[in-house]
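Construct the complete structure from the given sequences, taking the supplied hints into account.
Protein chains in written order, with this note's numbering: chain A, 1 to 109; chain B, 1 to 111.
Bear in mind the hints are in silico, worked out from the structure with no lab data behind them.
Just so it is clear, CB atoms sit at the ideal spot from N, CA and C, and this is done for glycine as well.
Heads up, a few of these hints could be off.
Said to hold, decoys possible - With a Cα cut of at most 25 angstroms, we get these calculated DSS-like pairs of lysine-lysine:
hint	chain 1	residue 1	chain 2	residue 2
1	A	Lys57	A	Lys79
2	A	Lys42	B	Lys71
3	A	Lys68	B	Lys70
4	A	Lys68	A	Lys42
5	B	Lys57	B	Lys70
6	B	Lys70	B	Lys9
Stated by the list, open to error - Over 10 angstroms on every C-beta distance to chain B, these chain A residues come out as not near it, computed from the model:
hint	residue
7	Val4
8	Ser28
9	Lys42
10	Glu45
11	Ser52
12	Glu58
13	Arg61
14	Thr67
15	Lys68
16	Glu70
17	Lys79
18	Asn95
Said to hold, decoys possible - Computed spacing ranges between beta-carbons, pair by pair:
hint	chain 1	residue 1	chain 2	residue 2	range
19	A	Pro80	B	Thr7	31 to 39 angstroms
20	B	Thr7	A	Arg61	30 to 38 angstroms
21	B	Arg107	A	Lys68	33 to 41 angstroms
The primary structure of each chain is shown beneath.
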Amino acid sequence: EDQVTQSPEALRLQEGESSSLNCSYTVSGLRGLFWYRQDPGKGPEFLFTLYSAGEEKEKERLKATLTKKESFLHITAPKPEDSATYLCAVRDTGNQFYFGTGTSLTVIP
Amino acid sequence: NAGVTQTPKFRVLKTGQSMTLLCAQDMNHEYMYWYRQDPGMGLRLIHYSVGEGTTAKGEVPDGYNVSRLKKQNFLLGLESAAPSQTSVYFCASSIRLVRQFFGPGTRLTVL
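What follows is the structure, encoded as structure tokens:
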């Protein structure tokens with residue numbers, strides 16, 4: 001059964017304190033791993049797509065990496081505006097999308 | 001461009017009532033999706049559509065029906081609402097089965 005697990009559930013960082021969020025997955029044929037950001041009361045907003053082990057994508061203070069069993073979202077020198085819930089999702093060979101429950105990030109000034 | 005819009009934003013139903021949620025997109029996307037988001041469960045795919053007139057089941061389709069009569073619209077119907085369908089519903093669209101653009105959500109409460 002396809003499954004996506006994110007950790008930690010919640011993370012509090014001081015402004016400037018770098019860290020990483022984890023997304024581990026089991027899927028029948030990965031057709032893409034996706035990272036989204038979700039602010040309270042809003043829909044998810046796309047960040048990155050990764051397709052194969054070893055692939056990396058960067059955007060401002062965020063960097064996503066992918067291995068055969070997990071993905072990391074690295075946050076470098078975060079700012080308070082990076083506070084949000086970060087969601088990971090996978091697409092399998094049956095065109096189904098599975099989301100994790102997310103990591104709630106709070107960046108304290 | 002408005003992107004993806006959802007109607008209504010909030011709704012309260014009584015058990016057994018029916019309703020339809022409307023999703024509209026103005027990006028000419030082929031693919032559209034309906035998800036529900038519950039605390040501790042994450043987003044779960046209900047149904048999706050790969051084009052006008054076509055729909056397919058997702059992970060949790062029971063109790064829901066969908067229709068895609070026009071390319072820009074995707075309707076989600078609840079024929080007989082149950083308290084277990086209390087949730088936040090998100091619609092999304094995409095050009096292909098990749099990056100999805102999400103709407104603002106509909107908060108549904110079934111009493």
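Verification of the hints:
{"no.": "1", "hint": "A:Lys57 to A:Lys79", "result": "holds (20 angstroms)"}
{"no.": "2", "hint": "A:Lys42 to B:Lys71", "result": "holds (24 angstroms)"}
{"no.": "3", "hint": "A:Lys68 to B:Lys70", "result": "violated (39 angstroms)"}
{"no.": "4", "hint": "A:Lys68 to A:Lys42", "result": "violated (31 angstroms)"}
{"no.": "5", "hint": "B:Lys57 to B:Lys70", "result": "holds (19 angstroms)"}
{"no.": "6", "hint": "B:Lys70 to B:Lys9", "result": "holds (21 angstroms)"}
{"no.": "7", "hint": "Val4", "result": "violated (8 angstroms)"}
{"no.": "8", "hint": "Ser28", "result": "holds (13 angstroms)"}
{"no.": "9", "hint": "Lys42", "result": "violated (6 angstroms)"}
{"no.": "10", "hint": "Glu45", "result": "violated (7 angstroms)"}
{"no.": "11", "hint": "Ser52", "result": "holds (14 angstroms)"}
{"no.": "12", "hint": "Glu58", "result": "holds (16 angstroms)"}
{"no.": "13", "hint": "Arg61", "result": "holds (20 angstroms)"}
{"no.": "14", "hint": "Thr67", "result": "holds (20 angstroms)"}
{"no.": "15", "hint": "Lys68", "result": "holds (20 angstroms)"}
{"no.": "16", "hint": "Glu70", "result": "holds (17 angstroms)"}
{"no.": "17", "hint": "Lys79", "result": "holds (23 angstroms)"}
{"no.": "18", "hint": "Asn95", "result": "violated (6 angstroms)"}
{"no.": "19", "hint": "A:Pro80 to B:Thr7: 31 to 39 angstroms", "result": "holds (33 angstroms)"}
{"no.": "20", "hint": "B:Thr7 to A:Arg61: 30 to 38 angstroms", "result": "holds (35 angstroms)"}
{"no.": "21", "hint": "B:Arg107 to A:Lys68: 33 to 41 angstroms", "result": "holds (38 angstroms)"}
Of the hints listed earlier, those the structure fails to meet are numbers 3, 4, 7, 9, 10, 18, in rising order.
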